[in-house]
Amino acid sequence: MSKPERQLTLNLFIYPGGHHEAAWRYKDSEPQRVLDIGYYQELARRAEAAKFDAIFFADGPSLPENIRYSARLRFEPITWLTAIAAATSRIGLIGTASTTYNEPYNLARLFASLDHISNGRAGWNIVTTSDAGAAQNFGLPEHPPHGERYEKAREFLEVVTKLWDSWEDDALVADAESGVFADADKVHRIDHAGKHYRVRGPLNVARPPQGRPVYVQAGSSEDGRSFAAQHAEAIFTAHQTLASAQAFYDDIKKRAVALGRHPEHVRILPGISPFIGSTQAEADRLEEEINDLIQPAASLEQLKRMLGVDLSGYDLDAPFPRHLIDTSGPKGIASRFQLVIDIVDREQPTLRGLIKRLAGARGHWVLAGTPERIADEIQTWFETGAADGFNVMPPWLTGGFDAFVAEVVPILRKRGLFREEYSGTTLRDHYGLPRPESGYAVARRRSA
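Residue numbers for the sequence shown follow our numbering, beginning at 142 and rising by one.
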């Protein structure tokens, strides 16, 4: 089979223990290693050996309330990814950082440092933070409203971009003979004065190897889509059906084109959490075996955060009480809220059934099947305008990922859908993204 020009992007989305909320209880998991950096370095090396584009680490600036039953603690992402960078050489390194609970200068410096340390492999998953409890960890009386968070995020990204551009590519001279370390004319104060931020600059780190780390975004609300179409170079999204994924894909690509962007420079990457068995029955048994480890109290707490309704007193085996859900409130614009409501309206599950649907990957696509079926579904989504690739979300670690690499990846390669070897060294190379020129260098050239 001839190799097609377009190939899948595959990231390993690492979650402590695995993405199923009961993964840490599964017999083949290693929950005692969730704070062992060697555990994550091993996973990253396995993903790199499989030629994955990147590893991705989610984060939030607060501790979820269901820690009693779920493995929700985690390392700070930049520290974690820096340790991963030292143990790998090619795989991309994507970390989450909030525009609501960080300062632009510090964050620009952190990601520029990671990009230098990794020789150009950093990506920033830009979030505004949905957890209202985070506000109390930062001395704020309440969590800012959805629209305000996105307004602030746009200015935050503008400042960070200016800071990464504040050193032109050839500003660092290091010429011992002349005694010139840096060309001061090519190091710029940004003098940003906006509604939310006042930042002088320049950054005290030279321009990152990629020019800027890859911009990643995960929101699918109207504000999130608008932000992503304008800024994101990769979009992490959650969909339960092919039709939903196709509609989102088409919408984002059209928005990007309308803004003058190349559609291939916006990689759309849904999550997939595969239970893999040699037969369909075996895969189904594996999924049910892990589902049987669910603690309903933890699942109901997660559902409460998603929907804003406490369902702890309701019969788990009765139909889901749809009448209790208010879709007109502020949660109604949140993408994950709408995804859950869509499941309820489409499938009309019991409360227990909905808990099981969400336990696998918090609303991402959970698929049980043979390696061939998993590969078939991936190919269908890839070739019918639903995805440019996937965030692979193993239900448990490390076995769930090992099975995907050993059994699904070879099928994708045989079909010419996924690389045999890396063709570049940076995350931008892997994603097929251009390296942006410094805005200050562009202005200098135009004025010359």
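It is possible that some hints are incorrect.
Unchecked claim - Quick list of in silico lysine-lysine cross-link-like pairs, DSSO-like style, CA-CA up to 30 Å: (1) K394 with K293; (2) K445 with K497; (3) K555 with K445; (4) K394 with K168.
Just so you know, the hints here were simulated from the structure itself, not pulled from any lab data. Nothing here was measured: the structure is a model prediction, and the numbers come from that model.
Which of the listed hints are broken here?
Of the numbered hints given earlier, those the structure breaks are 3, 4, listed in rising order.
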